[in-house]
Amino acid sequence: MKMTPIYEGSHRWIMFGRDTNKPSNIIDTNQYIVRTANRCLLMDPGGIELFAPMLAAVLHHAPVEEITDLFASHQDPDIISSLGLWDQALPKAKLHASSLWEGFIRHFGCESIDYVGIPDNGGKIKLESTELKIIPAHYLHSSANFHIYDAEAKILMSGDVGAALEASGAPIYVDNFDSHIDHMRFFHQRWMPSNQAKRDWIERIRKLDIDMMAPQHGRIFKGDNVKRFLDWFEGLEVGIAV
Amino acid sequence: MTDTVQQTKSQFVAVASIAAELSAVMEVAKEISLAAANAKAIAFRAGEKARGFQPITDFINELAKETITLVNAINEHALLLYRLTVNEYRTSTAFDKFQTATKMAEGAQYQSSLQTSTEAVEQRMRECRKQFKRHVGQLLDQLQEVMHPARAARVIAANSRIEASQAGEYLLSLQAVAESVDRAAQIIHNNVQRCRSALNVINITE
Chain A
1 MKMTPIYEGS HRWIMFGRDT NKPSNIIDTN QYIVRTANRC LLMDPGGIEL
51 FAPMLAAVLH HAPVEEITDL FASHQDPDII SSLGLWDQAL PKAKLHASSL
101 WEGFIRHFGC ESIDYVGIPD NGGKIKLEST ELKIIPAHYL HSSANFHIYD
151 AEAKILMSGD VGAALEASGA PIYVDNFDSH IDHMRFFHQR WMPSNQAKRD
201 WIERIRKLDI DMMAPQHGRI FKGDNVKRFL DWFEGLEVGI AV
Chain B
243 MTDTVQQTKS QFVAVASIAA ELSAVMEVAK EISLAAANAK AIAFRAGEKA
293 RGFQPITDFI NELAKETITL VNAINEHALL LYRLTVNEYR TSTAFDKFQT
343 ATKMAEGAQY QSSLQTSTEA VEQRMRECRK QFKRHVGQLL DQLQEVMHPA
393 RAARVIAANS RIEASQAGEY LLSLQAVAES VDRAAQIIHN NVQRCRSALN
443 VINITE
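If you read the protein sequences in the order shown, they are chains A and B. Residues 1 to 242 in our numbering are what the first sequence lists, from first letter to last. Residues 243 to 448 in our numbering are what the second sequence lists, from first letter to last.
Take these hints with a grain of salt, some might be off.
Here are some, though not all, of the chain B residues that point toward chain A, as calculated from beta-carbon distances under 7 angstroms [to be verified]:
id: 1; residue: Val328
id: 2; residue: Arg332
id: 3; residue: Ala336
id: 4; residue: Thr342
id: 5; residue: Val363
id: 6; residue: Ala400
Restricting the straight-line Cα-Cα distance to at most 27 angstroms, the calculated cross-link-like pairs of lysine-lysine (BS3-like) are [unchecked claim]:
id: 7; chain 1: B; residue 1: Lys251; chain 2: B; residue 2: Lys345
id: 8; chain 1: A; residue 1: Lys22; chain 2: B; residue 2: Lys251
id: 9; chain 1: B; residue 1: Lys345; chain 2: A; residue 2: Lys22
id: 10; chain 1: A; residue 1: Lys207; chain 2: A; residue 2: Lys126
id: 11; chain 1: A; residue 1: Lys22; chain 2: A; residue 2: Lys2
id: 12; chain 1: A; residue 1: Lys227; chain 2: A; residue 2: Lys207
id: 13; chain 1: B; residue 1: Lys251; chain 2: B; residue 2: Lys372
id: 14; chain 1: A; residue 1: Lys2; chain 2: A; residue 2: Lys94
id: 15; chain 1: B; residue 1: Lys345; chain 2: A; residue 2: Lys2
id: 16; chain 1: A; residue 1: Lys154; chain 2: A; residue 2: Lys124
id: 17; chain 1: B; residue 1: Lys291; chain 2: A; residue 2: Lys92
id: 18; chain 1: A; residue 1: Lys133; chain 2: A; residue 2: Lys94
Read the hints as simulated data drawn from the structure, not as lab findings. Model, not experiment: these values are computed from the prediction. Ideal placement from N, C-alpha and C gives every residue a C-beta, glycine not left out.
Extracted from the complex, chain B is given alone in its bound form (with noise of 0.2 angstroms):
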C-alpha cells in the first residue's frame, strides 16, 4: 500500500470525525435556542424583576440561530471534503495498481499503452489533494468563525447570571438557564477543537 493510499485513509478518519463533532455541536445548539425560549417565558412571568433578561434571552436565541447557520454551512464542507477523500482515495488506489500493473506486464507487447491513462490518474489524484488541502485552510477558518458565538454566549451566560440575581423568587430558574447556556457554549467550543484538531492531523502527515 502507497503512502497515498494511507493517507486517504487517515483523511477518512478525519472527516467522519468532524461530522461526529458537528452533529453534537448542532444538537447542543438547538438546546441553546430551546433554552433561550425558557428563558424569556420565565422572564415575561417574572416582569419588571427581570426586565435586564429579557434582551438577553433575544441575544441568546440570536447566537444559537449564527451557530446553527455556520453549523450547516461547516457540514456542507465536511460533505465535500468526505467527496474529495473517496476521489483521492480512488485515483490513489487505481494509480497504486496501474503501476503495479505496468511491472506485472513487462515484455507485454501493449505494455506502453497504460502509459496515458496512469498520467491522467495520477494528475486526477495530485488535483484533489490540492483541492483537499486548500479546503482544509477553509475548513479550518470555519470553524474559528464558529467560536466566537461561543465565547460570545459564555459572556452573555455570565451577564445572565448578574441579571438572574435580581430576579426574586425567579433567580433559581434564571441561574439555571445561565448555566445552560454556559455548558452548551463550553460543549461547543470543545467540539469545535476536537475538529480543529483532526484536521491538523491531516495537516500535519501531509
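Excised from the complex, chain A in its bound form (with noise of 0.2 angstroms):
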C-alpha cells in the first residue's frame, strides 16, 4: 500500500493507495486519513480485501487507540465493507455515515463502532483543534452521499466524484488534465445519475476555496485543475444509461 503525503501543517493528511497485492479483480480505492496530535480520522476506509494492508499502512502514521473516527461518504462495498473488522480493531471509535444509511450499514457489522449519523444537510466532524466540513452531495452517486471539505488545508475529499478508471499504478496527481478526460468521462456519465445534483454541487463548491481535490478513485486534482475539473463536469452529461 502505498502511502503518499498531501498536506502538512496544524495537522496532516495522507493518501493511501496503489496497493500492488491488491486481487486485480477488485477496483483500486483511495483512502485518506486526517492525523492530529491524538487523534485520527479515516475516510472510506475500504473494502474487506483492503482491510490488512490499509490497517498496517495506518499503524505507520497512528497506534489503533488514536484511530477515533471513521467516515463513509456512503454504502458502497468499496467504501466501507470493511467495517466489521475495523469494529473490532477499534477500541473507541464513531462511525460518521448518512443517517439514511445506517440501517444498511449496519449489515457489515457495527457493534463496538459508534454510529454517528450525518443528516441530509450535512454537519461537521471535530478532531481536537481541527474542523472539517461534512458536504452534502447527495446522487453523486449514492442517493445519500457527502464530501469532506477541510478549510485549513484547501482539500476537497469528493468520494466518487472526480474518479478514474485507470490501470494500476498511475501516478498520484492529475498531470495533464486533457488526457485525464478518457478515464473520467464513462465513470461520471453512467454512475452520476442527475444533471441536477451535479449543478446544484457544482454551484455550492465553487464558493469554497480548494487547492486539492482528492477522489476515492484514480488522481487527486491540483490547483487550476480543481476548476477545469467543475467546468468539464458542468458541461457533462450524466445518467446516460436512460
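Please assemble the complex out of the two chains, which come individually in their own frames, going by the hints.
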C-alpha cells in the first residue's frame, strides 16, 4: 500500500492507495486519513479485501487507540465493507455516515463502533482543534452521499466525484487534465444519475477555497485542475443509461 | 484461510441443514396432529365398533403437540447456534486479518498497538467456540428427546392397526390413519437422525 502525504500543517493528510498486492478483479481505491496530535480520522476506509494492508499502513501513522473516527461517504462495499473488522480492531471509535444508510451499513457489522448519523444537510467532524465540514453530495452517485472539506488544508475529499478508471499504478496527481478526461468520462456519465444534483453540487463547491480535490478512485486534482474539473463536469451529461 | 475460518464455514452448513430438517419435522408433526383429528372424527362415527380407537386418537394428538413443542425449543437452540457461528466467523476472520496486518506492519512505529485488539479478538473467538461446543451438546440431548415421541408414535401406530381390525366398515379408514402416523414417525426419526449426524460432523472436525 502506497502512502503519500498530501498536506502538512497543524494536522496532516495522508493518501493510501495503489496497493500492488490487491486482487486484480476489485476496483482500486484511495483512502485518506487526517491525523491530528492525538486523533486520527479514516475516510472511506475501504473493502474487506483491503483491510489488512490498510490497517498495516495506518499503523505507520497512528496507534489503533488513536484511530477515533471513521467517515463513509456512502454505503458502497468498496467504501465501508471493512467496517465489521474495524469494529473489532478499534477500542473506541465513531463512524460518521449518512443517517439514511444506517440500517444498511450496519449489515457490515457495527457493534462497538458508535454510528453517528449525518443528517441530509451535512455537519462537521471535530478532531481536537481541527474542524472538517461534511458537505452534502446527494445523488453523486449515492442517494445519500457526503464529501469532507478541510478549510485550513483547502482539501475537498470528493468521494466518487472526480474518480477515474485507470490501470493500477497510475500517478497520484493529475498531470495532463485533457488526457485524464478519457479515464473519467464514462465513470461520471454512467455512475452519476442526476444533472440537477450535479449542478447544485458544482454551485456550492465553487464557493469553497480548494487547492486539492481528492477522489476515492483515480488521481488527485491540484490547483487549476480543480477548476478545470468543475467546468468539465458542468458541461457533461450524466445519467446516460436511460 | 485459517482452519478456524474453514471450521465456521462447516458450522454454517451444519446449522443450515439442521434448520431445514427441523422445518420438515415440524410439517410432519402438524400432519400427525391433523391425522389425529381425522381419526377422532372417524372413531366418533364408528361408535362402539371403534371404542378402543378413541383414546388412541387423543394420545396421537398429544404426541404431535409434544413434538411441536420440542421442535420449537430445538429451533430456538439452532438459532442460537447460528448466531454463535456468525460471531465466531467474524472473530476468527478478524483474528486472521489482524495477524496478517501485524506481519505487514513490520517496522511500523505503532505496530505493537494492535496487540491488545488481537488478544481481545482471540479471547472472544475462544469464548464463542466454547459456547458453541456446549450448545451442540445440549442440542444433541434435545434431539434425543424428540426421538421419544417418534418412537411412541410407532408403537401407537401398531396398536391402532389392531384396533382398526375390529372396526368393521371403518377398517380401511382407521388403517389409513395408523399407516399415516407410522410413516410420519419414521420421517421424524430419519430427519432427527440427519440432524444428529450434521452435529456430529462438527464435533468430529473440532
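For this session: Kindly indicate which numbered hints from before are broken by the structure, ordering the numbers from low to high.
Result: 1, 6 and 17
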